[in-house]
Each structure stands twice: as C-alpha cells, then as structure tokens.
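Enquirer: Same order as they appear, the protein sequences are chains E and H. Here the first sequence stands for residues 1 to 516, where the numbers follow our numbering. Here the second sequence stands for residues 1 to 320, where the numbers follow our numbering.
No wet-lab data here; the hints were simulated from the structure. Virtual Cβ for every residue (Gly too), placed ideally from N, Cα, C. A few of these clues could be false.
[Unchecked claim] Have a look at the derived ranges for each label pair, beta carbon to beta carbon: (1) H:Ser183 with E:Ala327: 30 to 38 Å; (2) E:Thr203 with H:Val304: 44 to 52 Å; (3) H:Gly263 with E:Ala195: 53 to 61 Å.
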Amino acid sequence: MTEQPAPRLAIRGLTKAFGGVRALSRADLTVMPGEIHGLLGKNGSGKSTLIKILSGFHAPDQGTLEIDGQPVALPIPLGKSESYGLAFVHQNLGLLADASVLENLIAGDYDRLNPFAINWGAEAARARRLFAENDLALDPYDPVSALSPVQRAQLAIVRAADRVQGRNNHGVSGVLVLDEPTPFLPIEDVRVLFATMRRLTATGVSIIFVSHDIDEVMEITDRATVLRDGAVIGSFKTATTPRAEIVASIVGRSMTTERMIGGYSPTATAPLRVEHLSGQIVRDISFAVGPGEILGLTGLIGSGYDEVPYLLSGATQARTGRLHLPAAAHDLTRMTPSSALQCGIALIPADRQRAGLALDLSLTENVTLPLLGRSLSALWLNHGRLAGITAAIMARFAVKADRPRQPASELSGGNQQKLVLGKWLQLGPRLVLLDEPTQGIDVGARREIYDRLVELCQSGTSVICATSEFEQLETIAHRVLVFDRGRIKAELAGDQVTKSAIAHACYQENRSHAPA
Amino acid sequence: MRPPNLAFQVERFGLVIVWVAVILLFGALRPDTFLTWANFSTIFGSEAVLVIVTLGLVVPLTAGDFDLSIAQVLTFVSMLTAILSAKMGVPLWIIIPTVLAAGALVGAINGALTLYFRVHSLIVTLGVGTFLHGITLWISDSQTIGGVARALMHWSIIVRFLGIPIAFYYAIGLAAMMWYVLSYTAFGQQLLFTGRGREVGRLSGIAVGRVRLLSFVASGVMGAIAGLIYTGTTGSANPSSGTTLLLPAFAAAFLGATCINPGRFNPWGSVVAVYFLVTGINGLSVLGFRTFVQDLFYGGALVVAVMVSQLISGRKERNL
Chain E
1 MTEQPAPRLA IRGLTKAFGG VRALSRADLT VMPGEIHGLL GKNGSGKSTL
51 IKILSGFHAP DQGTLEIDGQ PVALPIPLGK SESYGLAFVH QNLGLLADAS
101 VLENLIAGDY DRLNPFAINW GAEAARARRL FAENDLALDP YDPVSALSPV
151 QRAQLAIVRA ADRVQGRNNH GVSGVLVLDE PTPFLPIEDV RVLFATMRRL
201 TATGVSIIFV SHDIDEVMEI TDRATVLRDG AVIGSFKTAT TPRAEIVASI
251 VGRSMTTERM IGGYSPTATA PLRVEHLSGQ IVRDISFAVG PGEILGLTGL
301 IGSGYDEVPY LLSGATQART GRLHLPAAAH DLTRMTPSSA LQCGIALIPA
351 DRQRAGLALD LSLTENVTLP LLGRSLSALW LNHGRLAGIT AAIMARFAVK
401 ADRPRQPASE LSGGNQQKLV LGKWLQLGPR LVLLDEPTQG IDVGARREIY
451 DRLVELCQSG TSVICATSEF EQLETIAHRV LVFDRGRIKA ELAGDQVTKS
501 AIAHACYQEN RSHAPA
Chain H
1 MRPPNLAFQV ERFGLVIVWV AVILLFGALR PDTFLTWANF STIFGSEAVL
51 VIVTLGLVVP LTAGDFDLSI AQVLTFVSML TAILSAKMGV PLWIIIPTVL
101 AAGALVGAIN GALTLYFRVH SLIVTLGVGT FLHGITLWIS DSQTIGGVAR
151 ALMHWSIIVR FLGIPIAFYY AIGLAAMMWY VLSYTAFGQQ LLFTGRGREV
201 GRLSGIAVGR VRLLSFVASG VMGAIAGLIY TGTTGSANPS SGTTLLLPAF
251 AAAFLGATCI NPGRFNPWGS VVAVYFLVTG INGLSVLGFR TFVQDLFYGG
301 ALVVAVMVSQ LISGRKERNL
C-alpha cells in the first residue's frame, strides 16, 4: 500500500440551515489531486448549498474546509475563491456573447493584468498557447457569439482552469467546480467536453462535476458522492459500483406522500390532444389530457418538460404541433396568448415576478386585467365593482392582504401565487397550464394551491402541471409524463405515481448513452 | 377599506401645496405685478401649449416609451399650418385635419421603427425629431412665417372665458379626456401594463405591440394639436419654437408623476407640474432675474422630480 497523498480538498461536517430547515447536515467530501469527482442528488438534496458555501456565497453554520492539507477559514470572502485555488463554471457559463474570446478569457483576471496597460498582443499569444495546450481550435479574436455551445463550455472550463492552475495558490493545480455544464449539450458534445476535462486532470487539476445525469457521472468520474436531504449518503468508486446502487442512494426509500386525488376514470367527454409538438427542446411529442385530469410533466434539467405550458398557451411559438380541443383543432405555430384565452386556456407561469404579476400595480389592476373588454365594459370601468371582484377573489383564494388597492409587491410569494391563480381561474378555463406552481412558497400556501387544483379537476377542468418536485406530482397528479432530451421517456399513472417511481424513471438508463 | 392616511394625502397634494406656497411667496414680494389676474391669465393661456405637449408625452411614457420627437412635431405642424394658411390660402377646415394626420403619421413612423427594428424609442424619436426639424427649416427657408388665418388666433387666445384664453380650456379638456381614458377604460389599463408589466400583459392577451404603436400615434396627434394652438397663440410659426419646449415638458411629466397619483405618469399631475414650473419662472422674472432662470428651473425640476420619485419607490432599479 503506497502512502496516500494529501487530499486536494477536504470538507468535514459542513452544516447549514435556512430558517430552521437543514439544507446541509454534517456533509463530508474528499477530492483527490487529479480526480474527477461527481456530486449527485435530487433537487433540494443540498448540492447547490454545498457549492455556494465553497464559492463564499453562504457562510456555513458548522464545518471545516482544508485545501492541500491547509485549513481554510470559512466563509471564503466572496470573489476570493480563486486565490484558494477554487474556480466555478455554472450552467450559464458566465461568458459575454458580444465580446471576443480573448476579452472573455482575461475578464476579471485582475491578479495578473495591469489594469492601465493591457498588452493585447501578448495576451493573444498567451491565449493561443493555452488553447493549443488544451487542444482547442479557438481564435482569440473571434466573437463568443460565433462559437458552438460546446466550444463555449470548453472556453469557460479552460478559463476557470487557467485562473487556478498553479498561479495564485502555492503552486498546486486547484479545483474546478463544474455545476451542470452539460444539460443542453447533445451527447457527442458532452464527450468532447469530457475530453477537455481529462486533459486538465492529467495536469493535476481536480474537478467536482455536479450533475443530474447518472450516465454522465458514471462515464467521466473516478468517484462520486451522493447527497440526499442534505446528508451525504455515500461516496463510491464509479468504476466498480453498480448503477442501480447509485440510483437507489439518490432516490432513497422515501416515505409515501398522501395522495389528494383518487384514480382517474375517463369521462364521456373527449380528451384534449396535443400532437407532434416541437419547440426549442421538445421534439415531436404527442399526448392527451382528459377532462378533470391532472397531468404532471417532469424530467431533469434541460429535458424540455417545462417548455410545454408555454408552447400550448402561445407564450412561445411552437415549431410544429396541433392542439385538438373538442370544438376545433388549433395550429400551435400560430397560437397567441389572446387566442389561447379565447380557447379557454390559462397559463400560470413560473416567473411570478415578471410574467405572473405586475408588482408595481395594484391587486385589483392585476386581477381584473383579463376581464377588461370581456366580461367588463371596455369604456367604463367601475372601480367599486373592480375592487369588489378583487375582494371576492381574495376571499375565495384566501389571499392575505390589506386591501385591493395595495401594490402586488407587498404580498408574500404564496399570496402572490394565490392571486395569480384567482386571476386566471375566475375565467373558468377548460385547460389550466402551470409551470412550477409552488416555487418559493411556504407549506401552508402550497397546500391551499393543491386544494384549488384538486377542486378544479373535480369540476371537469384539465390541468397540466410542469414541475421538478416529484412529491408534488405524487400528491396531485393522476398521471405523469417523464421527459428526457426533448422526448417523453416514461408515463406513470395511478398507483405508479410515487416520488421514487418518478425519480427512477428520470434516472433510468438512457438509450442514447448506451454503447453502440 | 382603511381610511385614507395623512401621509399619503400629503404626498398626493405635496406639489399643489408647494405651488400655493410659491404663489404666496412671490405675491408677498411683488403684490402689484405678480399677484394680478392679468399676470395669471397670461400664464394660464400662454402655457396651454406646454400642458398639451406634456400630456402628449404622458401616453408613451405610461406605455414605457419615450417620444423625443413631440416638440419637433409641434414645430413642423406649426410651420405647415402657417405655410398652408398664409402662403397658400388653404382654409382652416382643410388645414386642421391635414396637420393632425401629419402628426399621426410621424407617430406611426416612430412606432413602426421602434417596434419592427426593436430599437429603443429614445434613439428612434431623437432621430425622427431631428429629421423633422430639418424638414421644417427646409420648407420655411429658416424664416419665421406670419399672417396665419385670423380665425385660428381667434379660437386660440382672443376668445376668453373668465378672462383666460380659450387655449387653456382646450388643455384642461384634453387632460380630462386623458384622465378618463387612463383611469376608466380598458385601453388605459392596457397602456399601464404595457409599461409596467409588459410580459404579464402579453400573457394576458394584450397586443402590446399595437398598444405601443397607438401610444406613439397619440403623442404625435397631441404634438400636432399643440402645434396648431401654438400657431394660433403667436399668430406665426418660428422654425425653432419647439426646441425649447422638450425639456420643460419632460420635467413636468416626471414632476407630475410625483403628485395626484404618485408613482404614475398622470394628466392632472402634469397640469399641476406645468403651472408650478411656469409660476416659479414667472415669479423669478418678475423679481428681475434674467432668462437663465428658465434653464436652472426646468433642469433642476427634472432632476429633483426623478430623485423624489425614486425616493418614494425606495430607490428600485428602473428601466425608464
């Protein structure tokens, strides 16, 4: 047995709570020099809290960090993580598309650059050397907008490595944290990215690879650590651990959630059918939703499930697709929000602050907007009546607010969402589309929103709910479609709709990853 | 419903209170020249044009757009009116619809360029306005043109009611109409959502592009109305008349957004703001200050107005 080198990075007992909820509980993580270490876990498992503690964004309640055997005081001052040899590449990559490759490469490299005299020629030569070492065919003077998505990801990763490689941190190669860099890349490009990562680890850099995608983690990492509910479930050598064991530790043996709905029995009325729908990510999908049915859509990041509500309501234009309603069929490439409203389709978007409510405007103005010119005269608005309508909706949907004239910004997230729900449900829609309806909402308001959705389906309305929360689907969905890279990969109905079954379906082996 | 609280009422009527205080101050200093009905009827009548230009700005501002061309629409329409009337002898019943249509056309061009090419309205209307000024100088040969039909002057300043020229009542009438449209019609709400929550409005079925286009057309027409009344008030058209109106109108629109309906561009607030500003300037000139006080006052008011409105809203980041 040879002597173990000191770990590049060692986290011990990291704990962080937000308002009494433990996001991270005594988590340990060890990353060796030159290792690619996977970090796996569902949404809310604590991965992002851990990453944000490493980047200095959160201060931990307890726990220690050692880098190359040296203790590092936590929290790391924000923006100083590079001087400890830590660099981060987030999903959005942090590149400015309008600027050149070179400008992006040196942006923020304040330790090395003279801010009053940038020698562009020398910098370009240095960039070419760096790209040659990493086998990247990039020209420093090309604009980033001309790069392919995988080239952008490579540039971001090489830039991060350049910042930490042996320059600032007592001569060692540093740690790159890659936070979901792959979900929008096709599989061929993911392999290209993996090649870049391997070349970097050959020089001694360590990489923490955060991903939802087990197949990618199995393929690229040396070891992987699984987090669940804020705790480390275990660390595995990926080459020798069966896939099923990793899946089981991600998903866990969850307690069953109370289902608020019974089995769905098809009624005499014909279902609403969506055929050959394609958008930015989803490709040629077809499905139906019956009257009084709650259909859940889910999948991993980038799988496209969250695009569907916007495509069906005309909020974004579909590339192809038709929506068959009992009365008529509609071409989704020509759907607009106002024609969707006329068809009885209501959209409750995820971005409450920008697309759900105008926060500067009053509750009344927000609630009554879709009624103007429809059930209310366009030329004489009776403000007393508008306030009355609003007060009735506030009462019916249990919106806690002082008065209808108050600006919407003064309400809590839960009350805002109930108001948005009231705004649309007062129209009596036949199809309600929701995207992440309980995002950032407390438990009480969440329950009230579920109650409203269940009432809605009992009255015969069709509901489509896109969400990343499997528990929510177990609570309220009759049926769930699981998406993967733009296609429907699995369908679960009735008793099959459980958190763990959905999670298993999400993490199920992809055919696209299987060796040819 | 909770009772209206005092702080809110002070905020709503703060500018009115300051205006009254300014009148009292100058009145105490110069009771013979400042505090006379003749002085005030002149102020009310002659600044009706500025009120209408300010009201014209309020429409696109509510929808989240700037119209910097409005003052040049005024100048162009004024010049067109003078040429058609004095040089070509065209009767007023043809001139009026023609110049209103010209204003609407400029607004439509502003809107079309802003919306189709997705350029910021600030840039589009700056360019269109300057272009229009070029046309004005061209068709007038850079000369002031006088001798417009007497009927136009008659129905602008000669007819008086309670001693105030009728132009003032046109401005008040337009403010009332706009207040109705903004507060009591679906279109008013659509304008508001287009400016303050464009994505919310779009997803609620508002054709935000059409609303923005209409707001440019409305400000073009208001600019044309102001141009007609300007020509009637002075009896002539001056190729640089509008240039000095743009900043005062913006100052008044932003200052007006701090009162009556604080936090929103609103017609009655704009009327109060215009008359507050001109009262201050008139008072200072009665005291013997020279013309530089205009720029000090208007420029200062614009900066103070946006500072106050940002303080009211807690210094939030804004796009406008």
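Enquirer: Lying within 30 to 38 Å: is that true of the beta-carbon distance H:Ser183 to E:Ala327?
Expert: holds, 37 Å
Enquirer: In this structure, is the beta-carbon distance linking H:Gly263 and E:Ala195 contained in 53 to 61 Å?
Expert: Between H:Gly263 and E:Ala195, where Cβ atoms are some 56 Å apart, the hint holds.
Enquirer: Just tell me: holds or violated, for the beta carbon distance of E:Thr203 and H:Val304 against 44 to 52 Å?
Expert: Check failed, 60 Å falls outside 44 to 52 Å.
Checked against the numbered hints given earlier, the structure breaks only hint 2 and satisfies all the rest.
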